[in-house]
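Chains as they are written, first to last, in this note's numbering: chain A, 6 to 290; chain B, 7 to 437.
Think of the hints as simulated: they come from the structure by calculation, not from any bench. Computed from a predicted model, the values in this text were never measured in an experiment. Ideal placement from N, C-alpha and C gives every residue a C-beta, glycine not left out. Any given hint could turn out to be false.
Not everything, but these chain B residues come out facing chain A in the computed CB check (under 10 Å) [to be verified]:
| hint | residue |
| --- | --- |
| 1 | Gly170 |
| 2 | Thr195 |
| 3 | Glu315 |
Computed footprint of chain B on chain A; a stretch qualifies when at least three of its residues, placed anywhere within it, have a C-beta under 8 Å from a C-beta of chain B [as the list claims (entries may be wrong)]:
| hint | region |
| --- | --- |
| 4 | 183-194 |
| 5 | 260-267 |
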Amino acid sequence: MTKEITLESAPDLRRIYATAALRRGSSSDTLPDVRVSRAGIRVDLDQLVAYSHVCRFPVDGILPATYPHLVAFPLQMSVMSGDRFPLPLMGAVHVENRIEVRRPIGTDEVLDVSVWAQDLRPHRRGRQVDLLSEVSVRGEVVWTGVSTYLSRSREHPEAPVSEPPSVGPLGSGGGGPVWRLGEGTGRAYAAVSGDWNPIHVHALTARPLGFPSAIAHGMYTYARTLSSLGPRLPGAGLTSRVWFRKPVRLPSTVRLRSVFEVGRTLSALEGARGEVEHAVVENTW
Amino acid sequence: MAPHSTPRTSRRVAVLGGNRIPFARSNGKYAKASNQDMLTATVDGLVARYGLAGERLGEVVAGAVLKHSRDFNLTRETVLGTRLDPRTPAYDIQQACGTGLEAAILVANKIAVGQVDAGIAGGVDSASDAPIAVSEGLRQTLLAANRARSAVDRAKALAGLRPGHLLPAIPENVEPRTGLSMGEHMALTAAQWGITREAQDELAAASHQKLAAAYDRGFFDDLVTPYLGVSRDTNLRPDSSVEKLSTLKPVFGKGDGATMTAGNSTPLTDGASAVLLASEDWAAEHRLTPLAWFVDAETAAVDYVHGEEGLLMAPAYAVPRLLARNGLSLQDFDFYEIHEAFAATVLTTLKAWEDPDFCKARLGLDGPLGSIDRSKLNVNGSSLAAGHPFAATGGRIVASLAKQLNEAGGGRGLISICAAGGQGVVAILEA
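Put together the whole structure using the sequences plus the hints.
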């Protein structure tokens, strides 16, 4: 029997991060049968504009494809910080994400969100779990998200690998946007997304968690990718997947390289000289 | 006045003449002159040359690419500072490096349909007297403080100030959507098209030699008015040669394949230009002889953001459309003015028109547009030698080509100008 938890307001992520540091995660092999929901959410337009500016989306009355993730994310954290959740929240790495935009969502629509965990499974470097998010408007599911988080622990070399498609060699044009991501990139995105995970905020807060410098939020570089592809992506019927490969250490300069096919785009976010692949993004419709 | 019951037929548009100040390398002779200073001097020089003092023109259209917020009405403010009748209307436009030619197109179109009889098109830019903005953090903080209704709220807003906010934001010469400078974009395209260093240096040296020769034979005597002690473009190196240019180190592109140097790329430049356009009747009434006719124009844009096309390739698309509309081939011209943003831009454009695959796949043509007679290209030098104050280049080229066509006793000329944002503006003049 699924335990339904209904939240009246968004959980405070800073508090979750502060207390998560103390929690180890249970050693259980099963996911708690919990579904966390929040109803009647109205988009804070000031915050939406700030988010759109940071991620370079146009402010046009339609929610960016990645925006509902912001609404679902605190609920994900709430699920993952629960006592019986088998993985520790601190140190969890966002390795993959899938978004399905069924139809455009207007900025004035009232959203109902629910989140649950599913498919706890081995990963080569530990264990991973999917956090499913569903956004509905008056009973109609308009957006779904699957966020896959890895918690490093005992290695499972035999675990199946989720390999992203290859973008192939650099085209003859060689172009594609170049982004100079400053040291404060993580703080700027934290301010508009509410995700103050210390690994993104500052080198001093990232180091205790094993990173030599702050790293960019995966959902930030992913959002920048989608905003850069812009009107080439449809507003409805879009399935977008991202594989986060190597973290983007801040500051750094990255380059986006894309190929376009009928009903599909494939992009690689790489180091400026192509030396490291940070993320692969595939959009299909 | 009674409205016309039937549409007017198109009128011929005459290029009567032009004026510019010598172009100066940035942070040089014009370092402290503002856009309005330079444009006023340029328009006033044109007014003096063609006896337009006290004349109420149909309109003056001009623009600048690098613009201070105080210059919101730059062209109208300029007109009020000239000897033109102050009742002459004016407006600003901005289409990056296409600004000057686009201004001429707008004036020419109004003349052609009979909305105005005469007008001035111009452009100005200062890379020296550039606007500097406060940082985004400071700007947002100050705006929040300005919105605050009470002293306490204002103090709260100002408490958000951080030391880092005090660093100014200096305008960058980069494409906002790619983060690459124009030179970096061009270097990618040049490498893709296999444009050699030698070919670029040859084009650059020729540009200097031809501009110097044109000055020496007095070609610019009625096109250029000295300004602030400058009588020739300060970037001009009459003794430029391939040997000298070959010693320069590449500044754009990567590794051994880098070919673009400060010598075969245009420098940042300050300057202004203006051209006088009119109907045939207006010209006759004012006893002015048309140098050439402004026949037609076309603009194009390419999708360069993800590298599918080069940033500066749009003129390659605009020209075939213009040719088709006018029933011309690429070879039906006596003079070609292809703006030398970079030597590689000119060479890539010409190579693309010679390339059967590009012309078929990208331009949708049956075959290549073909080669041009290089002796007809930029015969009086171009931007590599003169410099390139962004919005002023169109006016420089229109006036020079019109005079060249007139001197030659007739003929047809093609103008091609690439612009930021993947745009291109092209036009045909005839005499």
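Results for each hint:
{"no.": "1", "hint": "Gly170", "in the structure": "holds (8 Å)"}
{"no.": "2", "hint": "Thr195", "in the structure": "holds (8 Å)"}
{"no.": "3", "hint": "Glu315", "in the structure": "holds (7 Å)"}
{"no.": "4", "hint": "183-194", "in the structure": "holds (count 3)"}
{"no.": "5", "hint": "260-267", "in the structure": "holds (count 4)"}
Violation of the numbered hints given earlier is absent; every hint is satisfied by the structure.
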